[in-house]
Amino acid sequence: MEFEFSIEEQTYKLQVDHKDGKYLIKRDGKEFNVDSQPISENCLSLLVDGKAYTVFIAENQGKKYISVQGEQFCIEEAKADSGARSLAESAALKGVPTIASPMPGKVVKILVAEGDRVKKGQGLVIVEAMKMENEIKSGSGAVVKKINFKEGDLVDAAVPIIELELEEEK
Amino acid sequence: MLKKILIANRGEIAVRVINACKEMSIPTLAVYSTADRKSLHVQMADEAICIGDPPPLESYLNIDKIITVAKERGADAIHPGYGFLAENGDFSARCEQEGIVFIGPNSKALRLVGDKVASRETMTKAKIPIIPGMMTKRVEMKEFKEAAEKIGYPVMIKASAGGGGKGMRVIPSPQELEKGIEAGMREAKSAFGDESVYLEKYIEEPRHVEFQVLADNFGNVVHLYERECSIQRRHQKIVEETPSCAVDDELRTKMGKVATTVIKTASYNNAGTVEFLLDKDRNFYFLEVNARIQVEHPITELVTGVDLVKQQIRIASGEKLSLKQEGIEQRGHAIECRIYAEDPENNFFPSAGKILFMKEPSGPGIRHDCGIYSGSEVPVYYDPILSKVITWAETREDARKRMILALSNYVVLGIKTTIGFLSSVMAHPEFAAGNTQTNFIEKNMSDWANRKKGRRFLDEALIASAVASQTKAVTRRSAVSEKAPGPWLTVGKWSIGEV
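Taken in sequence, the protein lines are chains R and D. Residue numbers for the first sequence follow my numbering, so the first one is 1 and each next one is one higher. Residue numbers for the second sequence follow my numbering, so the first one is 1 and each next one is one higher.
Isolated chain R, as found in the complex (with noise of 0.2 angstroms):
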C-alpha cells in the first residue's frame, strides 16, 4: 500500500509491504524492515531493523498525534481535495490573507482601521487567550480591507479577525 503523509505542509510518500507479520517501508530511496508489536491502543514497540522505539500514538480530527523518545508529531493523512472549506481556508485560497488567532480568545484591542496601510511586522490586533495577551502581527505590507470583529468580542481559532489586501512588491 502506499501511503502519502504531512507534517506541517510538508509531505513524505511511503511504500508498505506487509509479509509475514513484518513490514517492508520504502521512502526516499531508503529501505526498512520493520516489525510492529501493538502493546495497547495507544502504543506502539517499533523494531527497524532491529533499533528499538516505543511510539506512543492517538488519533483525532483525521489527525495522527505520535511521539517517538520525547519528538512530538502531528501527522495528517494528505489527502484528494475536498469540497467543505472553512472561511479561513477559502480566504487564503482566494489570496486574500487574513489575520486569525490560532485558538479561542478575547480580542481585547484592534490596533488598526480599515483602509490603513500597514507595514510588515507592525501590529494589527491583540488577542488575549489563556491570561496572555498576544499581539499579531502583519507578515507583509498590506493595506487593511476588512475588519470583521470590535474590542471585547469572543474568536474562535482560525476565523478571519482581519482581512487585508498585499501591498505590490516594489
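The hints are simulated quantities; they were obtained by calculation from the structure and are not laboratory data. Keep in mind that the hints are not guaranteed to be accurate.
List of simulated lysine to any residue pairs, SDA-like, C-alpha gap at most 25 angstroms [as the list claims (entries may be wrong)]:
id, chain 1, residue 1, chain 2, residue 2
1, R, Lys63, D, Ala449
2, D, Lys310, D, Ala393
3, D, Lys472, R, Gln72
4, R, Lys13, D, Ala473
5, R, Lys109, D, Asn347
6, R, Lys120, D, Ala183
7, D, Lys443, R, Gln122
8, D, Lys354, R, Glu76
9, R, Lys106, D, Lys179
10, R, Lys109, D, Glu58
11, R, Lys13, D, Arg456
12, R, Lys120, D, Asn346
13, D, Lys354, R, Glu9
Since the structure of chain R is already known, use the hints to place chain D on it.
Coordinates of chain D only, in the frame set by chain R:
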C-alpha cells in the same frame, strides 16, 4: 490541627495540596468552575463544590462565593495555592474577619509585600539593595515618561499587584513606552484585578536567584537556600534549579541573611520567597517577595528534604517552627521543567484542547507533579501549566541527564506542549555549562523552530503512522466482510433462469 481545608485553586498545585492534606489526615474540600467538573483536583478531593462559571472572576476569584462555601461545608482553613487569590490582601483579610485560617501570610504583611511599590520603599529604609526605579504608583502617562527618562532606557514595566510575568514588559525606547504601559495595565487588570504598574531599570543579562523562606507566627525565620530560575520565556520561568551555579558559599550566606531580614522587616509569616536579580559582577538586588507557595517549590523540597506545603499547614495551624537554620542542608542537585500547554514553535502561544493520551515519566530521582490525565481537557480560561517534572541527583550533571531521560519518556498527545523544547534546553551545551542568564532562550534557542525541520525520529514517526494506517485499513476491510455482510451476501443462494 485544622479540621478541613478548602483548596481555592485548580490544576497541579491543587492536587499537590490535596495530597499533603491526605498525608496529614486533614479532610479536603475542592472548589471548581463549570469548566473543571472533570479536572483532577475534583476527583482527588474528599468533597468538591462548584463555585461558578469558567471565567476566573466568576469562580476561582469569587471571594464571596468561596467564603460562603467554606462556612457551609465546615472548612476552617483555605489554601490558596499560587495565582488566583494567593496574594490578594482583601481575601486574606476577609478570611481573618470570618475566622477562617488563611494558609499564607497575615493580611498586613501580604499587602505590604504584595504592593511592589510600597515594599520597595520599606526595603530601602531597611538598607536592602533594590533596583533603581519608581518609588510610587503613577497613573498619568506624563509621569511614566518623566520617570523613564530619569531611570534611563531600557526600562521594565511591572504590575504592582502581581508576578508570573503578567503585565511585565521591557521597553527599549521612549516610542514604545505608551503602548507598553497600556498593555501592561490591561494585563495587570485582567490577571490581578488591579491595573497599577511601575517602572524599573532593566538589568541586562542577569540571573534570577531566589531564596525560600519559612516564618512561623512567633517570629522564627529560616531560609531553605536558593533556587535559580533564569531560564524564562515572556519573563516567566520555565526551568528552575538548585543550587545555583553562580552562587558560592560566601554569597549564599550573605544573600540568605538579606532574605531573612526582608521577611522580618515585613513581619511576614508562613512560606515565602525572596526574589533577587544577580548581575554578572555578583551584585544582587531585591526584587520582591512572592507571598505564596511557588510553582518551583519541589526542587527545594528535594535538596533539603523539607515538605514545604506541610510546613505551611503546620505554621498556619499555629505550630512553632521545628526547623533550625543550622540543621537545614542542601543535598545534591534538583532541576524542574514546567510542562505548559504551549506551542514553542509559535512564540509559546497557548494550546488548549483534549489530551488524547498521556504517560508520565518515572524512575529513581524523578518526581512528577501533575494536574492532567489521559482524556482530560485543557480549558482556555486558565494558566496553561499542565505539570512539572522534577529530577534529583547527586550532581548537577546527573540531574540534567536524568531530566533528559525523564522528558524523553514523557508522552502527552493531542495538544502542543513544551516537552520537546525543554529537552533541547537540557541538552544545550550552554545549559550544561551553567551559563544560564535570563536571556538564555532568546540567545540560544531562537532558531529552535527551524532546526526542528530536520528533526530526530522523523523516519520512525512516519513508519509508525504508516503501520497504524495500514492496520486500520486492514481491520476496516475485515470488519466489513466479517461483521457487516452486505445485502448481496445475505439474500441466499443465487438461482438463475428458473422459477
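Hint-by-hint comparison with the structure:
A threshold of 25 angstroms between alpha carbons decides the hint, and for Lys63 (chain R) with Ala449 (chain D) the separation of about 21 angstroms falls inside it, so the pair holds. In summary, the hint linking Lys310 (chain D) to Ala393 (chain D) is supported, as the alpha carbons are separated by about 23 angstroms, within the 25 angstroms threshold. Simply put, Lys472 (chain D) and Gln72 (chain R) have alpha-carbon atoms about 21 angstroms apart, close enough for the 25 angstroms limit, and the pair holds. Only pairs whose Cα atoms come within 25 angstroms are accepted, and Lys13 (chain R) paired with Ala473 (chain D) is accepted, the gap being roughly 17 angstroms.
Straight-line distance between C-alpha atoms of Lys109 (chain R) and Asn347 (chain D) comes to about 19 angstroms, which keeps the hinted pair within the 25 angstroms bound. Between the alpha carbons of Lys120 (chain R) and Ala183 (chain D) the distance comes to roughly 21 angstroms, so the proposed pair stays at or under 25 angstroms and holds. Under the criterion of a C-alpha separation no larger than 25 angstroms, the hint pairing Lys443 (chain D) with Gln122 (chain R) is consistent with the structure, at around 23 angstroms. Of the supplied pair hints, the one linking Lys354 (chain D) and Glu76 (chain R) holds, its CA atoms being roughly 18 angstroms apart against a limit of 25 angstroms.
Straight-line distance between C-alpha atoms of Lys106 (chain R) and Lys179 (chain D) comes to about 19 angstroms, which keeps the hinted pair within the 25 angstroms bound. Distance check on the hinted pair: Lys109 (chain R) and Glu58 (chain D) sit about 23 angstroms apart at the alpha-carbon level, within 25 angstroms; holds. Straight-line distance between C-alpha atoms of Lys13 (chain R) and Arg456 (chain D) comes to about 18 angstroms, which keeps the hinted pair within the 25 angstroms bound. Taken as a hint, the Lys120 (chain R) and Asn346 (chain D) pair is honoured in the structure, with Cα atoms around 18 angstroms apart against an allowance of 25 angstroms.
With a C-alpha separation of about 23 angstroms, the suggested pairing of Lys354 (chain D) with Glu9 (chain R) holds against the 25 angstroms cut-off.
In the structure shown, no violation is registered for any of the earlier numbered hints.
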